[in-house]
Structures are given as structure tokens and as C-alpha cells.
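Enquirer: Next come the chains, spelled out residue by residue.
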Amino acid sequence: MGRLRQKGKAGAAKAYVTRTAAIKKLQCSLADFRRLCILKVPGIFPREPRSRKRANKGSSAPTSFYYAKDIAYLAHEPVLKKLREHKAFAKKISRALGRGEWSDAKNLEENKPIYRLDHIIKERYPTFIDAVRDIDDALCMIFLFASLPSSARLPTSLTENCSRLVAEWQLYIMHSRSLRKVFLSIKGVYYQAEIMDQTVTWLVPYQFTQNVPVDVDVRVMLTFLELYQTLLSFVFFKLYTDLGLVYPPPLDAKKDESGAGVGAFSLQSSTKSAVDATTQPKTVEVDGRKISGKDVRQAIKSLAEAVSQTNGEAAPLEQNAMEVDEEFVTQPSTSDPQSTASLTTLQALQALPQSLTTSLFAPYTFFLSRETPRSIFEVIVRSFGGRIGWPASSGGGSPFDETDASITHVIVDRPVVSSENETAEERARRSRRKYVQPQWVVDCINAGKILLEDKYAQGQTLPPHLSPFGEHEGAYDPTSELAGDGVADSESEIEEIEGDEEEDEQDEQQTEEKSALRAAANATDDASRRAAELAAEVAGVDYGTFEKQVRKSHKKANAAATGTGDDAEHDMNKMMMSNKQKKLYEKIKHSQNKKSTERATLEAKRKQLQKEKRKAG
Amino acid sequence: MDARSKQPVTVSALSKKSMGKRKQLDDAPAPALLPQETLEMLSDEEGADQAVSDDGQVDEFPQIDAESDEEDTDEDDEELFESDDGSENSFDRDIFPRPKTIISDITGQPKRVYPEIEPDYDSDSSTEDTQNRVGDVPMHWYDDLPHIGYDIDGKRVLRPARGDELDKFLETVEDPNSWTSAFDKTAQMDKPLSAQELDIIQRLYANEVPDAGYDPYEPMVEWFTGKGKEEVMPLSAAPEPKRRWVASKWEKQKVMKIVRAIRQGRIVPSKPKTSAKLEVYSIWSEPSSSHPPPLPAPKPRLPTNSESYNPPEEYLPTESEREEWEKQDPEDREREYLPKKYSSLRLVPAYDQFVKERFNRQLDLYMAPRVQRVKLNIDPSTLIPKLPSPQSLKPFPNYKSLKFDHPSRARCLSISPDGAWVVSGDESGVVSLWEVMVGREVKRWKFESKIGAVGWCPRTDVSYFVVALEETIHCIIPPHISASLFQSTKALLAPPTLPPPPETPSPVKWVSSTLTSDGPTLSVHLPPSSGLPKQIAWHRRGDYMATVSGSGLHGGVWMHQITRRHSQAPFKKIRGVVQLVLFHPSKPHFFVATQQYIRIYNLAEQKLLKTLMPGIKWISSMDVHPSGDHLIVGGYDRKLCWFDLELSAKPYKILRYHTRAIRSLAFHPTYPLFASSSDDGAIQIFHSRVYNDLMTDPLIVPLKILRGHAVKDGLGVLDVKWCPRHPWLVSAGADGAASVWCS
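These protein sequences, in sequence, are chains A and B. Its first residue numbered 0, the first sequence is counted upward by one per residue in numbering that gives the first Met the number 0. Its first residue numbered 0, the second sequence is counted upward by one per residue in numbering that gives the first Met the number 0.
Note that these hints are calculated values from the structure, not bench results. By construction, the Cβ of each residue, glycine as well, lies at the ideal position given by its N, Cα and C atoms. It is possible that some hints are incorrect.
[Said to hold, decoys possible] Listed next, the stretches of chain A that the computed footprint assigns to chain B, with coverage defined by at least 3 CB atoms under 8 Å from CB atoms of chain B:
hint: 1; stretch: 129-142
hint: 2; stretch: 182-189
hint: 3; stretch: 200-211
[Claimed, not checked] Partial pick of chain A residues on the chain B-facing surface, computed with a CB cut under 7 Å:
hint: 4; residue: E47
hint: 5; residue: D117
hint: 6; residue: D412
hint: 7; residue: V415
hint: 8; residue: E425
hint: 9; residue: L461
hint: 10; residue: P477
hint: 11; residue: M575
hint: 12; residue: Y584
hint: 13; residue: L601
hint: 14; residue: K604
hint: 15; residue: K614
Same shape as in the complex, but just chain B:
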């Protein structure tokens, strides 16, 4: 503890009266004590200032220090004692009896003598009035009783009659003393206040000491101090303790502790102040740590010609460029300034964004995440895969050689196995048979419902095609075929002896129609409400044919055997909606495409082989490579997936080049070609070479985009098929045209 912190205690111990003065004294040295140096923490300094001034204000309020309590109470006691002594003296002259001061015979000191109290009627008014002697009990005990207590004789003191409010009011009007009267609880009535009581009330109002006889500024009577009152004899006979004259051991220990600390240098007696001043020294003369330095921050870009104060004129923005620049958000601007030209250096004004730009740079330095990126400095053309030129991969369909028109949307088409004839069907129910070479229509059939699919039987010893209508499939023998062929076909479709009907009755009905030359020879009636068959897939031998309807039992898939005139549903139940089916070209495998997956079944063993996941949202078309090892799948989401069936269930390659949904895909049976058609009205021809070597990936080369079909109602080319012996393509479009594309 140092002396300063003790000071308030000693000061307050002096006297209560000097409190105000002390405050004034204390306030004076305060500014001098305030540190002259500016403090580091600005806010703190302000706060401290505030606190100091507040403190001063608070201190002005007279407050008794906790430490000075003892002394104060002592003094109070003294004063009480004193006032006891002379209370009568200072009391109001009118009320209280006046004392007489006489010289005492015994002590020789002056003393006050009060007049004798005469015990007559007038002598003590205090005992006279109190009739009720119940004492200090709660008066509400007597609330329900007629009396309010008992008098000295034990008789009931009856409750004085109290008037109502009107009486009270009248009383206040009539009685001039009523405003100086108060309700007396024990008497249960208003009593006028005495002069003494009024005096006390007045004093309380005036915030004075209620006792009129108390004089707070009485001169102190020195009893034991002062001249001539020194005590000669000691109060106690105890001998002087040793500690009065022997140095304190504990103090010595404390001091020695500090001395040792100073000697050891732990405490520096006159320590130099910590200064903010920087001392520079050769910081790089010591070897650095082995830590690699952090990556330096990227440097800002160096200024270009447009930032010059006098740039070439072509850099100056035009009016429109200036407007565009001003319209942009500051963040979106490519440059943060507009180029300007000044004819001389003295005309260049201050750049108003200077501080802001510096600040932004600093924000970048410490707040922006920093990522190291490899800057690619490559020629973009090297990214394009090097593929053999289409010129070297001829032949492929190149131009439209002829066009055959349908009255409405041409939906489907099929080419005869010899490649000479095309049969195409449209939405109005027209099926046309025409020649590939010249486009001459040979025959036209008209059906009542729209045509879902047509498919030419792949057998060469017979010649007929199948037309799929609503819930019906017709087998039709084309005209102008050789007699022997006609005979064999007829024998197949309408044999003289019908094969025995299946043991279990099938919902599919086989009906031979009357042999008219232009009608269907054989009709297959699918179960009712099975809808329009969307696809006909022939087995390579030409005996089996699979059809897919939009709805119906067993996923709408039916397998028809022509020779036995028997239909069966291969799946009892199938997950998802079947979109397409396909026969494997060489193995007894069966591809079933649902909306998102392709399942491959082994028909001989009747089990699922694998599931392919093309990642297409909705499969629209599919074709299998003639080798049977590759599959292409197209989707309405424009994707085309090439699957290597030996490789994996994921596509080997995903291509996305059509701008609209893919509608149809077809592999050429002999040439290494495939085509895709889309709703954007384009047909894309690809070269697709497949190698026998398992290690070599198939080569896919885009060859040609064939345009010529018009897009109608958002539909483009709906079906494409290849001529089996030529690199020719036949397409059917939504504009009603069926075109032949030749090489």
C-alpha cells in the first residue's frame, strides 16, 4: 500500500464537515495526474475521462466513507451525550421551561437548574388526556366493538360518535383549528396538534433537525486535550513492547525479497519505458528458418495504354460505351476507370477512387480465398480430337436423292430384306409401299387407325410385312412378287392345316382373313385396351416377332411365333414401363429398355443377364450392333450412349450433339455406319468401326449431318432405316416426307 491510496481514509477521518472541501482539494490535482502521453487505447481514454468527471459529480453528494464510520459514530455518540445534557437549554423558549444557570457548590462549575415541576392539575398534560389504556395494540381489534378500549378503572371507553363526510366537511369549515388537527388512533377521533408537534412537522418539511433544541454547530468542549489538560500518568502500567524499538523481522523479509529480485535483475528499478518506436537492425543477417516462405500474394495487373493520361484516341470510349459502362455495377465493370485524354499533365485531376482501390486491394489480400490455378496456355484446336477425315471414310449417305410424300406425319418405315422396297406408315392410317430406287408408289393401304409400326419379315424365302394398328397386327403380302415366293408366303401365313391351338387359352387371337389380294392375310388381335403397338422387333430368323404396346398386361410386350400362330407374354411382371425391345443378332438374348434402364435377358435360360445404366432420363431409341457386342441408346434428353456390352454396365461414350430429343437410331447391317435422327430435323451419320481386338476401343467418327426434313409441331425426323445392301438411308419425318439419302 502506498501513501496515496490511504489518503482518502485519513482525510475522511478528520471531520465530516471538511468533506466538501476535501473533494475540492482532490479535484485540483486530478488533471495533473492524468497521463500527459496519449494512451494507446483511444476509446479507453475517453471512457476514463468520462468516469473521472462522473466520479467528481458523484463525490459531491455527501456520503459517509465506510472507513470513516467508526469515527463518525463516536462523534455522534458524543453529540448525543452532549445534547442530552443541554437539550432543555436550546428548546423553544415559549414551550419549554427556562433553566437557570447557577454555580455549583460542589464542582464550582456553572450548571443549569430547571424549575421544580409542580404536581398539580396543569403540571403534566401528557397523562391527563389518555383515557384509553389498551396500550399499543392494533386498533382494528376493536373495529366490531362498541368500545375502543378500557380506561384506568377497567371501564369501557366507548367509541366517540363520528359524523359522516358532510359533518367532517362542516367541521373543517366551522372549526378554524381543524387543519391543524390529526386523527388520534387510540382516541379514535381528531385531536388538535400541539404547538410542539406542529413545530416538528415544520422542521421536517424544511429538512431540518426535528429537535428544535439541537445545535449542530455547538463549539467542541475539550475534555481531555488542550492546554493544561495533559495526562501526566500513563493509563496502563504495561511495559513498552519490544516491537516499538526492534526493527520488524517480517518487514525485513519483504524488503529483502525485493532486494534479491533487484540483484537478480528480476525487477529493474528504473526500467526504461516501453516505447512504440521501432528499432531497425539487420534482420536478414541471421540465417532463416528452414520453413518455406508462404506463397507471395499475386501482384496487381500493370497498367495498360488505356490508363494513360494521354492515350491514343482510339482508346477513348464512344458515347454508347460510356453509357454502358456507367450503367454497369462497379463490380461488373471490366475496367474500374474510363479512359480519358488530357492535353497536358497539369490538367490531370485527382483520381477519386484512389483510396478505395487501395482498400479493395487490401481486402483482397487478407480476405479473399486464394487458390493456385494452373494457367492453361493451349491452343483450343488441340482439344478437338483428331479423327480421320470423313472423305476417307466414304461411302456414306451424302445427299437427298428422292422424297416420297405422305398425307400426314410419317411415323414408321421398314425396308424389305432385299433392299428394293420400302413400306412406310403415317398417322392417318395410310401404309405405302414404294421403291427405294425411284420412289414410285406401288400400292397404298388405308387403315382406320394410325399406324404404330411397320416391320418387314427378315426371311428371304417368304416376303411379307407386318403393320401394327390399334390393338391389331396385320400381316400383308406385298404385290408384284414372284409366284413361287407368293406361294411360300401364303403357305406360311395361311397354311391349309392350322397348327393346334395352345393348351392354355391366350388373350391374343390369330385370325386368317379371306384371301383378297389387297387385304391383310393374317391378323393378330391383341387383348383389348392394350393400345397402339409402338414397335415391332423381328428375330433374325423371321419366325418370332416381338411387339411393344404402350399399355396393357405384362408390360405390353408380346412375343408372336408366326409358324405356330402362338403369342405369349415373356414377362409376367416387369418393373417400369417398357419402351423398346430388341433381339440379339446372334445369341438368344433379349434387350428390354424401360424408361431409364436396359435389361438383357437370356431367353433360353430365362434369366436376367445384366442391367445397363445409360444415365438417360427417358430412353427413346436403341439399336444393337450387327456383331451383337455393342449397343447404342438414345434418349429424349438428347444423349446418345454407346455401350460396349463386354466392358461394363456404364456407357463407353456419351455423346450429346443433337439440339432436340433423339427419335431413332439405326446401325447399318453391313457397313460400319450408324445414324441418329432427332426432333431438330437433322440426321447425323457416324462411322462406327468396331474391332475384334478387345483392347481397341471402337472408333466413332461423325461423318455428316443430313438436313432437309422440316420440323413440324416440334417433331423432326421420326424414323430412320438403312438399306441392307447399300449405304443408303431412308428417313420418315413429321413433315410427312419419307426421304432416301444416297452416297
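Okay, chain A solo, but in the shape it has when bound:
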């Protein structure tokens, strides 16, 4: 006889623990448990057992479950130990202060237990790629907190650290030219960068004071922020050192005070390139799993840049020149386009689009007018190789002023105002430059090419700004021409007009006609058809139109018949589906219908709008 099985000793009852049980086991408070869960995100999170009843020993009370193994794992967490120590510390210090034992309190305060999160980072992200893949949320958070006003809950040091991280990230993005897409949404600006073959997307709010709503628990956000700051520091360290730059980049306090923003930090290459050479292979080993051609190329590029950086400002120009040279070399062979196309290697294919897009603005020099947000456009323009200047009202550190002759584009976001008292010089300058609205910059980036400036000129109604991230498959595409846009539309319109004219006069007659036609359509045998013909004649329809209508209605009827036949067969076959299949089928159909109706409504709206426009114009 086998061993007797006791209830609750195996299976779901053992694999899951409730939150209360977990807290009891870990001997910490709920707040500490929450903090721990956040810090271990996303390693430890509630699980959904297949049967809640079985997992909770027969009770169906609403609780959250955790894996028992996860909790056992948490029990060995050094942070948990530190949290316990901190609890003891808090007791001790409050006791010392209560007793007025100041020196003891001071001693205690000096030896306060502080937890470190590096082991969690390492454990959560065993490789660098894992970390890069997961920094989206972290970036969003630091960008948000960098813009929050400091208060009792948010000390200035926190905000400062966040803005430092923000600046470091922007510097890296600009330096490595890894920005790919930008989207101006109603929530803020979405940026997408490609780092180590991973797309990183982050959202930056527009520059307004954000209010923290009362129903938001700031403690949770701060705990997340703690983790994210640590994560980003390590990630940035690695990114910077991989490019051969010094991390953290030294901050010029004077510039920072003048509001230079990103410009207050200076990128410095680590002194010895030999050191770089030794560190590079190491990183390759570390990354181990994934080394793409891009990585290698990036490394080489960084080496080259490290050398060129010493020359200072001239570096990007040189690089551009190099790139132009490369293109020039390839051009002679393009005399026969087919042959070059066949000759292109993989590397060339990889390299080509990137070099094209990342140096999109290289030939141009931009100037921001004072109403455009510098924080957005400085990063965008510079990470695509352009030069940018701004007026002193947007902060110091502009490389050139408004009168600079090299300026090709001015980004303006205000209506056209005719200025009479313009000097000749100003007018000349104005005619030399192109005045574009901010959307032009973003649309250029998303399109991957320089668009015509006319549509985006100052005071023009802008073309719609579309998401570069695309929609789900089969969704409505606003760029595509509607299927029946040209011909069918006009046809239907003509019909409508005709209908309008006729309807008034021939209402009765038409109903008669229609009934006759319907009869004809339905008529299958000759006799009834003849009868219908006669009826049509009586109604006053000439034979030609009658024939046509009959043919049409026949076709329609046939189509309907075949359609319905097929559908009916399908419907009947649905009977033979199992319940599970039936539910799945219904679900899929429901979502499909939803998508198609969404698409249809959008298309209908567009048609309506076009019609209105045509009527108006």
C-alpha cells in the first residue's frame, strides 16, 4: 500500500502562499514586503493559480498568491536583512533621542544600515542586454521626476540626481546617435532609440509643472525610483565606458547655473586608448551571448570617435566628411545600378541606412526660436548630426547666435507677423533661411529623409502627424487612399445627385418600378418574367434599362445566394464544434469584428470629411 497522502501537502496548496502567509514567513511588515517586491521587480509578483480554491486550502477569499519558492528565495535576500536592521535601528535611535542621549544617537546615525541594490540589479539582469531591454520604465520615471517640483517627500537631491541621469542619457543618445523615432503625442514626447539592437522607448512629459494627484502613493513611486536610479547608473556606466568615455561626465557648475542643460556636462574620453583596447574584448566576453555586427561597428566607431574627440568641436564635421567620402566612393559604381545592387554585401546593407538616417541633419544648422522647447529639439537635432543654436532666453551655452550665417533652418512655432521695420540685412537673412514648424523636424526623422519644407512653413496648416510606431495589422491607415476614393466615390455622388433630382418628381412611379424590377429579379421562369416585363412597361421603364436592372438584380441575387449558401453551411458546421472551440471562435470573431468596425467607422468619417470639404471648397 502506498503512503497515505495528506491534504495540503502537495500540489497547488504547497506551491502557492498567500500574501499574509508570506509576510508572516518573512517576519517583516507589509510595507517592507511591498518594498521588497518592488525592488525585486519583476522577479517576484503575484501569480494566478489555476484554481484559487485549491491554492488557498479550500477558501475562495480574494487574496493574492505568490510562489512559495519565490518567498523562500526572498527569505535569503540581503535587503530584507538590512530592512530588519533598519527596524532595529529606528527603535534604537528613537529610544536614544527620547532619553536625550545625543552622542548615542549620533553614533547610531553614523552607523545607520543602508541597503545596496547592486546585487539585485545583477541578479535581475544577468547580462547587459537584459538590462538595456528593460530600461524603458526607468527612463520614463527619471524623466518624470526630473521635472517634478521638490517637496517634503521629494528632496532636492533626488530631483537633482534624476536630472543628472536625464542629462547623461541625453548626452549618450546624442553622442552615439542612437535615436531612431520621435513622436509628439498629447501626453508628451515619445522617443525611440536603438541601443545594442534593443529598441528603447521612453516618454517625456512636456515642460509643465506636474502635480502629483492625491490618490497616487508616492512611497511606491519613490521605491521604484530608487531601483531605477541604481539600474540606470550602472547601465550608463557601462554605456559610457564602452564608448570610451568617462563616467560620470564632469559637470561645469558655471554653465549649469546659466541654464546650459545638457551642455553643462562635458564628455571626456578616457585618456588611454590602450586601456580601451583592453576593455573592449572584455565586454565582448561579458555580453557573450549576443554580439551583432552593429556592436562591433559601434565599438570601432567609438574608438574612432575617442580619438577624434580630442580635436573637440571639429569632430562631427570630420566624421560627416568621412561619410560623404564613403558615399562618394560608392557612387562611381552606381553607374550601373543593377550590378551594385547585386554586389552589396551584408555589411554595406546594414551600414547604409543607419549612416543615412543618423546623419540626416548633418548638412544643416538650426536655430530655435524662443517659443520652441529647447529640451526636445536640441536632443533630436544633435542626435541626427545637425548643429543647433538657441537664443539666450532658452538658456546659455548656445554655440552661435541668431545672426550666424551658417543657419539654414529656423524652427518657429508662432503665427506669421508682418514686421515692417526690418532692416535690409534682416530681410536678406530671412530670405536665406527656411522657417519651419517643429513638426517638420520630427516628421523628417520618422520619414528618414528630408521632407519638403513648404508644407511646414511658418503659419501653414500642418499635415497630420502620424505615429511612427505604426498600428496593429489591418488597422485603418490614414496615408493610404481609400479604395473607392476616386471612381466609386464620384459614381455614388452622381447617383445621389440623380436620385435627388428624380426623387421629387417620380416618387410613386419609382416605387412601382422597383416592385416590378423586384418581381423580375425574383422571377425564374419565363412566364413570370414576361409578366414582370409587362408590369415594368406599364410603370414606364424602357426595355434597355429594364434589361440592365434585371441582369444586375440577378447577379446580386446569385451572389447573395452563393454567399448565404456558404454562410449557412459554415453556420451549420459550427454546430459540430466543441464548446471550447465555439467560445474561442466567438472570441476571435468578436475581436475581428471590433477591429473591422473601428476601421470602417474611421473610413466612413474620412469619406464624410472629404465630402464636406468638397462641398465647402
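Please build the complex by placing chain B on the supplied structure of chain A, with the hints as guidance.
Expert: Below, chain B without anything else, positioned relative to chain A:
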């Protein structure tokens, strides 16, 4: 112990008088001692501050330190001693005798001399008054006695007369001293208080020392200290102990312990402070552990066109869409924002839900249970089973060829074995015989009660049908049959010699009626109160017939044998209410459907073979495949179960396609077809191919939904039967129509 913690003791040891000053002194350095750095635990800091201020307030209250007790008591002793010495000196001048200070002859010091006490009448007032000499005993001992004690001579001291309340009041009015008098217990009367006593009371009221002669601020008399009073000789002759001049061994051990710890690095003398500042290093340069990383959290969805600050106009919501969106709960909304269009970037306002959305994302990250789901990316049409087209499975009934109308609900019908005639019964008691081909009614019988069931005898050598009425079953010979057939039928139903009656008297009576051409030939009277027989099931040979009544003895099931004119109840007792019975087409098996189960009995061996569990709440109909290996069961809960009897007691297939209760099921005797009718007014035709190969599952293909019966009072098609030789179907509906459906 460090010096600081000792400080309060030493301070308090100085003097009680400097207590207040000490507090002030102590308060001054307190803020300096408070840590300048902000503490980590904010709440603690606040609490501590509170505690400090509280502490200060509490300390202001003069309190004697426990440690300073000894010194204080010493001092008190001293003072007591001193006051003993000079108490008379400081007493009130009026009351107490004044001392004289003279120079002592012996010591040469000034000393106070009190006047001699003269032992005369006036000298000591204390002894004079106390007449009562009982001492300090509880005076209530004398409560019941006339006296209150004894005087010095042992004579009773009588209780002084005490007036009532009025006297007391008058006394207070008359006697000006009465307010300074108090009740004397030993004398049991009011006595005026002396000037001394009044003085003490006054002092107590004023919170002063009650003793008027006590001076708390007397200058200290230095007896053994001060200039010129140093003791020259030691008090003890004991030699100086060694510990005074040899270093302590134990102290040395303690110090060495610390020194060793410092040397070994266990104690760092000037340890750098723990700082919250993060030091970054190349964390990914060491090889990672072999643990697989936890699954990354799902990324939020990327923004679509509708989120743009300048979307195409068709994305903007209409007024109704906006209203609908605003009406919805924030959780139910498909999008958390309404698309908006701004003509330029500078007009875009702040997004008010930004922080909230970030927060929600974080809540999702750490609180939402995460489940990995396989995303199904399949074409839904592949889920529909591929079945042969109905076109390839012809013939099957396709359209309604004719209709025969009954005056009321057509309940039941039966088709003759040759397939030419239909007999149908309705609720008003009308039984009609009509032709399948043309629908012409040949004959009509009218009975007094409603018709429960009709059944045509399956024998071909005789021709008659059975009509089930309330508690009665009639056998009727149809008209227009050949003479020979009529003769044989008559011989069967009304034989010249009746078979011998059964040994045991049966409650069922067989009665031959008079031979009229249009009346029943033979009637079977079921036992009274057995109700309307709902079903008639014929055995394939046509000799036995089973009827099921709604109620009555033995589950209402009766088995009738025509040739022997004998009826018997096959079950003495049966569990559940019998709904239906059926004979197996080839074996001596008998199917009995109760409300939820189907039991199969072997009639020859008289035992239960198996119980089928269709999982239907209430079985309404059942039919067995002509091969006898398959059974279909329909229920009022819309389910149809196909049983493979060889396979299992659970259904092979459960179909649910009717929208209302299933009423009737029928297998075609020759064609691979079956039909089901339902209260939704539809008849569903299926192709059902059964293979001889046991491994191949039966093929069930839905062929056609026949509509045409109207639903009346919630009832649709009540009965369907197949023509035996054609793929034709005859149905009886609640709308009174009996229809023939042809291919």
C-alpha cells in the same frame, strides 16, 4: 560608560537647589547635539524632537534623581539635626518663649538659654485639658455608651450634651470663635483651635513648611571643612592599598581586548561613515550566475495615430463618442485619453494624467499577477470542422411539400410500415388518417380525451394502429385495405377463440368492441388513474408494445402482448420517473429513460446491462439507430447526445444547436439520416453515417434546417417521423400543422 552619561548624577549630587539651573544648562547644548544631517527615518526624527521637548518640560518639574537620593537624605538629616538645635529660636515670637543667647563657660561658644518652665497652673496647658484618658482608641467603641472614657481617677467621663442642628447653627451665629473651632474626638465636642494650630493650617494652605521655626535658607555651618579645620591626622591607621599605585590588571585586559580588535581590523577606529551615495562600477564584467533571468515585464503598448497632438481629422471623436467616453468608468475605457488636435506644438497643454498613468504602470508591475499566455494567431475559419458538403450527401428532406391541418395542436403521428399512410393525433381528440403523397384525409376519428400517442403496428401481414387515450389504448383497423389484410388483422385483433386469461388477475383489461367499421376493434383499459400514455413503443416483430404513462403503478410502464391479450408491468419498482422506453432493433434489450439516466435492460435475462449518463437535466426524446449500436438522446435543456453503446456510458458527442428544448428525435430506418425537432420551430436534419469498423467514429454532418412550423404558446415541432422507404419526413407542430418534407 562615558563621561556624558555620568554627568546627570554628578550634577544632581551637588545640591538640590541648583536643579533648576542644571536643567537650563542642559537645555542649551541640546540643539547642538542634535544631528545636523537629516535622518533617514523622517517619522522617527519628528518623534524624537517631540520627545526632546517633552523631556525638557518634564524635567522642569522638581524631581529628585534616584541616584542623588543618598546625598539628599544626608542633607535632610543634617538639617533635621540642625533644626532640632534651633527650633525654638525661629518659632513665632508671640507664642513661644524667647531664648537668651549667652556665652558658654565651658566651650566659650554662644548658646541659647530658654527661660525656666515654672510648674504652676499656667505652665503647661497641654495636660490640663485632657480629661479623658482612654488613649488612642477608636472612639466609636463608646458610641452606645453614656460615657466617652475615663478620667485620671478612673471615673467615667460623661458624654457632653450635643445639641441638634439648630443649636449648632445658633452657636455658629452667636459664638464669633466657632469658625476657628474643630471637633475634638476625645472630648466629643467642639474645641477652639489654638493660635499655633491656626498658624499651621494657614501655612499648609499656603504650601509652606508647617513648622514656623524652620528656615530652609539657613547658612551652612561648616564643621569639618574650611580654613583652619583641616584634619591633620588620618582617620584610619590602615596602610595605603596597592591598588592606589599599581595599574589595574582588569582594566589592562579590557583595553588589550580593544587593542587586539583594532589590530585585527575588527574595530576600525575612525571608520568612514556609511554613506547613501552610490558607487558605480562595471557590474556586468563578472560572469553572471547560471540562473535564468526572470521573465521581463511586458512593455506598454506603443502609441498609435490617435495619440498624436495633430492626428488626422477622422480620429477626432464625434460628440456622441465623446459623451459615451465620458460616461464610462475610467477602468472601462478603451483608451485613457480622447484624441485631440492642436494646430501647433506650442498650444499642447500638460497631460494631467501623466503621473497617474506612471503610477498605474508601476502598480501593474509589482501587484498584477502575471500569466504567460500563448497568443493564438489563427484564422477562425480553421476552427470550424471540415465536413463534406450537404450537396454531396443528398437525398435529404429539403422543402415542405404539403401541409395537413389539425384543429388544435398536433401531438403525435405515426407512419404505416409501407410508408403510404400517416395517422396523426391532436389535443382535441381528433385522429386523422391521411395519405403521405397528397395529404388527403381518408378518415377522421374523434375521441373524447386528447391523444397521447399513436403507433402503427410494424407488421406487414396485418395493418392496424394503436391510439393512446386517457387510461385507454385503442387498436383501430384503417379503412381501404385489401380484404385479405383486413381478414388477417381482424383475426389477430378479434380472434374467434380468445386466448386463456392469465393465471393472476391483471389490472389491465382487454375488451373487444363490437365490430363497427369506424370504431376501435380492440381496447386496452389501463388501471385507473394511470394518466395519459405519452409514448407507444413497438417491438420490431409487432407482437409486443410498450406504453409509458405519466403516472401510475410500476413507473407507468406496461408491456402489452397482442396475441395473448396480456399486459404486464416489467418493473416492480423503478428509480426515477420513466420518460421513455424503446426496444432494441435486434436484441432483446429494452431502453428506459428516466429524467437523467438511461438504463438498458436485458429482457431475456431480466437484468440491468448498463446505465448511460448523458448529462442532460431532463430527457425529452430518444431514438436508437437501426443497427442498434448507437443511441441519440435529446433533452429539454437543448442538448443532444450521441451514444456509442459499445464505447462508453458517456456520450461520444454532445451537440447544442437548437435554441429551445428538443422535442423529438428520429433515425431514418434505411437512409443514414436523423432529424431533431425543437420548440424553436425548426427541424434539423443530420447525415449520420455509422461504420462497421469499430475504430472509425460515426460521421455526423448537419444537412439542413427546416423551418416552416410556427411557434405557438412556446411550443414548436412536437413530433417527427420518417417515411420508411423515402427520405421524407413528416412533422407535427403545435400550430396544428402536420407537414411532409420531401427531398
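Enquirer: Hints first: check each against the structure and report whether it holds.
Expert: Do the hints match the structure? See the list:
1. Counting residues of the stretch 129-142 of chain A whose CB lies closer than 8 Å to any CB of chain B gives 8, which reaches the minimum of 3, so the coverage claim holds.
2. Residue count for the stretch 182-189 of chain A with a Cβ under 8 Å from a Cβ of chain B: 7. That meets the three needed, and the coverage hint holds.
3. Residue count for the stretch 200-211 of chain A with a Cβ under 8 Å from a Cβ of chain B: 8. That meets the three needed, and the coverage hint holds.
4. Annotation: interface hint on A:E47 holds; nearest CB of chain B at approximately 4 Å, less than 7 Å.
5. Hint status for A:D117 relative to chain B: holds, with the closest Cβ pair at about 6 Å, below 7 Å.
6. With a least beta-carbon distance of about 5 Å to chain B, the hint placing A:D412 at the interface is held under the 7 Å criterion.
7. Violation of the interface hint for A:V415 is found here, the shortest Cβ-Cβ separation to chain B being roughly 12 Å, above the 7 Å cut-off.
8. Checking A:E425 against chain B by beta carbon gives a least distance of about 23 Å; that is not within 7 Å, so the hint is violated.
9. A distance limit of 7 Å between C-beta atoms decides the matter here; for A:L461 the minimum to chain B is near 6 Å, and the interface restraint holds.
10. Hint status for A:P477 relative to chain B: holds, with the closest Cβ pair at about 4 Å, below 7 Å.
11. With a cut of 7 Å, the hint placing A:M575 at the interface with chain B holds, because the nearest CB-to-CB distance is about 5 Å.
12. Hint status for A:Y584: holds, given a least beta-carbon distance of 5 Å to chain B, under 7 Å.
13. Checking A:L601 against chain B: minimum C-beta separation of about 5 Å stays under 7 Å; hint holds.
14. Using the Cβ-Cβ criterion of 7 Å, the hint placing A:K604 at the interface with chain B is satisfied: the shortest such distance is roughly 4 Å.
15. Interface restraint check for A:K614: the shortest CB-CB distance to chain B comes to about 15 Å, outside 7 Å, so the restraint is violated.
Figure legend: structure checked against the earlier numbered hints; hints not met, in rising order: 7, 8 and 15.
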